[in-house]
Every structure is written in C-alpha cells, then in structure tokens.
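In order, the protein sequences belong to chains E and Z. Residue 1 is where the first sequence starts when you use the working numbering, and the numbers rise one by one after that. Residue 1 is where the second sequence starts when you use the working numbering, and the numbers rise one by one after that.
Note that these hints are calculated values from the structure, not bench results. Where hints are given, some of them may not hold.
Pairwise CB distance ranges, derived in the manner of DEER restraints [said to hold, decoys possible]:
no. : chain 1 : residue 1 : chain 2 : residue 2 : range
1   : E       : Thr14     : Z       : Glu81     : 26 to 36 Å
2   : E       : Ala21     : Z       : Phe68     : 31 to 41 Å
3   : E       : Leu28     : Z       : Thr57     : 42 to 52 Å
4   : E       : Tyr304    : Z       : Gln86     : 19 to 29 Å
5   : E       : Leu28     : Z       : Val85     : 37 to 47 Å
In this text, a Cβ means the ideal position worked out from N, Cα and C, and glycines have one as well.
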Amino acid sequence: MTMSQLSVMKLYTTVVDDVIAGVRDCFLDDGVDEQVLQELKQLWKTKLQSSGAMDPPQPEPLMPAPPVLQNFQKANGNNTMPKRTDPHMGQQGSSQNSGVEHGPPASNIAGAHPHHVLDPNNKVPVQLTLPAQPGVPGSQPRSFTIQIPASALNGNKLHQVLTGPIINATISLPQPLAATLLQQHINSALAGQQNEFDGGGGGRSGTAPFSLDGALDSSDDEGSNVGDGSDDAAGDDDEDEESPEERAEEEEEERDESGGAEEEPLNSEDDVSDEEPGEMFDTDNVVVCQYDKITRSRNKWKFYLKDGIMNLGGKDYVFQKANGDAEW
Amino acid sequence: MSYQLYRNTTIGNTLQESLDELIQYGQITPALAVKVLLQFDKSINQALSNRVKSRLTFKAGKLNTYRFCDNVWTFMLNDVEFREVQEVAKVDKVKIVACDGKNVDDRR
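Isolated chain E, as found in the complex:
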C-alpha cells in the first residue's frame, strides 16, 4: 500500500501544521514564546519521522533506529503494560513467549547498531541538567553527571528511561540525592531493557523479576527489590553506586508511594476509555476508526468503517472507507 503511505505523510504534515497554527493564540495568551511553539512542532515532526510509521517499505535502512523507537512507542502506550509486568516471567514457557515477541527487534538492533554488541556494561558519563523548579523562586537549573552503560546510548534508550515521573520525582531534590536517584533509576531500568532485548532473560530467573520492575512498574515492591536484588541482578550494573544507597532507597520508596498517577504520560488513559489493556485486546496491529454500520447475521459479521488510521506491522495507513467481513 505504497500510495496510502505517501498520503499518510501528507496528511500528517497537514495535521501538524494545522494544530500548530490552531494553538498559536493559546500560546500567546499563556505568554509562551513562539519559539516554544516551534520547538513543539520540531519535536513532533522528529518523533513522527523516527517512528518509522511513514517510511516507504522499499528503501531499507534509511532509518536504523525504528525498532528501538517503535519499542519506545509501545512502551508508552497502555497496551504493552501486561507484557512488561508479566508475573510468569520467571517460568520457562512464558520467557520463551516473550523471547518471541521481542525477538525481531532484538536482532534488528544488533544488526543496525554494531556497538550494541560491545561490552554493554561499559559506563559512559553523561551530563544531565534538571530544569529550575517552576514556581520556586531562586531555583536554578542543576547539572550533574551520571554513568550509563554504553549500550544505552543506542537509539532512544536513555530517553525512554528518563520519563516524566522520574524527572518530576527528582526535580525538587537536592542535587546529590537527585543524581543518586537518577543513577539508580537508570541502572534498574536499563537492566530491565537489556534483559528484554536479550530475549526475556532466559534462565536467569533472578534477573527477570528485578528488571521487569524497572522503568514502568509502579508496584511498591520496587524499593525492596533494589535492596535485596543487590546481591544478584543489580550487581551487574549497580556496583559503583552501592554506597549512597539508603537515602536513595528511601527516595525510591517515596516515589513509589506517590505512585501510579505520576507514571501516566499525559492523557494516556483518561481520554480513551475504551482502550483498556487486556491480553485479549493486546496486539501490535491496531485500527482506530469510526463505524458507519456493523451488521451480523448468524455468525457472519460485516464492518462498514470510515475515517481510519491503521498501524500494521509498524507502518501507518489511513482510509476513508474500509469494508470488511469476518466469521465469529
């Protein structure tokens, strides 16, 4: 469906421009600089492009990153939460399942990013800057350096790890604490991803539950995992900051208490009430649309759909009308 791919790109460009033009007054009213509006546009377009959803299928590796970025998207959506928190992760059977699910991206990544196969535990210093606290007079932006595994520099990993909740949790902390907390968060989150990309952790059952708790789970056992996990899984990545521990652990627990609400990306859940995650309804191929008519006669269903956006195998398609049938 090459044609629709082109029209998808055109459509998205139109929508981006339309939205940006449509909110210009709102930005002005809020006293927000035009430059921020342009930044929003740029961010949005960049993310759209790197999603790979609009890439034409034929010319291949224009975009080495898509597997990672698609993972990122999925990680942000509600749909994959059950996968990531699969409580049966330790069992051989479901580990294999997850290996299958994550298999293709893993191999793609390995191919596309040669340095991924270098020692992933090699630490690289990265400087981060926390913004000044909004509403706190005299608050200054703070910079500090954290160590992350070299592998995390690939694609967008660091980006996926440093999400809103963790930033919010650290923004009000004194600098050393914030640095420790961020470091710990990154270590545990990356340990999780490493595992995932490795195909679910296989037999290292000690690692899997720990890592799956990492970036996304809001469950309150995270704090304790940090503690008692230090002798096994955490040892891989955490060795160098085993010391500033206690306080950071408290912080981590505090963060957990403030809990679930914080972990939600903006509007991810409250606006689409029909999108509850559930294993039944969990798939990568999604069509979002409107129905003109749905009919059923015995077990034969007919669908008359319109105004749809489809994501099939990571590519986006749009349609004005789509009619189909199926048997139940």
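With chain E fixed as given, assemble chain Z onto it according to the hints.
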C-alpha cells in the same frame, strides 16, 4: 467536540510525548498541553473526513472477540487481509477500535 480516540495513534502519541517533554522542562503548562490536544482532536478528525480518499476492503479469517461498550466497538480479528485495489497487506492479528461515525456529524 471531536473524538479523542486518534490520540492513541502514531501521530497522537508522538504529539503527547512532545508535550510531555515540554512540560517536564517547564516550557508549557499541562493546561496548555490539554488545549493542544483538543486542537489535535479537531484537526485530525477534520483531516480524516475531508482529506483522505482511500478506500479499502478487508477479509478476516476469524472474528476472535467483539465488544460493544459506550457506543464503541472493539474487535479482535485474526488472519486479516487488507486490500486497496492491487495492494495487499496481511496481518495475523488486528485490533479495531471504532467510535460511532454518526455521532460526529451531529456534533459538528
């Protein structure tokens, strides 16, 4: 009032991620982000109904699950073949989420 369900698409998700970043760095308020999303709802609904012309058909091997709740249909289909003239895309599993298409015209 336009449907918000398109927020859960590539273009909607990337917008929300961008807004999240701007909020995190204190460049915009959450309230302003909400306004942007509302504008997005309007723009995407309009763009889809006015600018998209492609028509396609699909045939599913099996309707695995269906659900109708709050006027929203959700289907899980297996072995689906989408066809647009000559071009074909096959997937072994697809989820369809569909809001009532009539409501929208009334609301506009």
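Results of checking the hints against the structure:
A beta carbon spacing of about 29 Å between Thr14 of chain E and Glu81 of chain Z agrees with the range 26 to 36 Å that was offered as a hint. For the hinted restraint 31 to 41 Å between Ala21 of chain E and Phe68 of chain Z, the CB-CB distance of approximately 37 Å keeps it satisfied. Taking the beta carbon of each, Leu28 of chain E and Thr57 of chain Z are about 46 Å apart, inside 42 to 52 Å as hinted. For the pair Tyr304 of chain E and Gln86 of chain Z, the supplied restraint of 19 to 29 Å holds, since their beta-carbon distance comes to about 22 Å.
In this structure the supplied range 37 to 47 Å holds for Leu28 of chain E paired with Val85 of chain Z, their Cβ-Cβ distance being about 46 Å.
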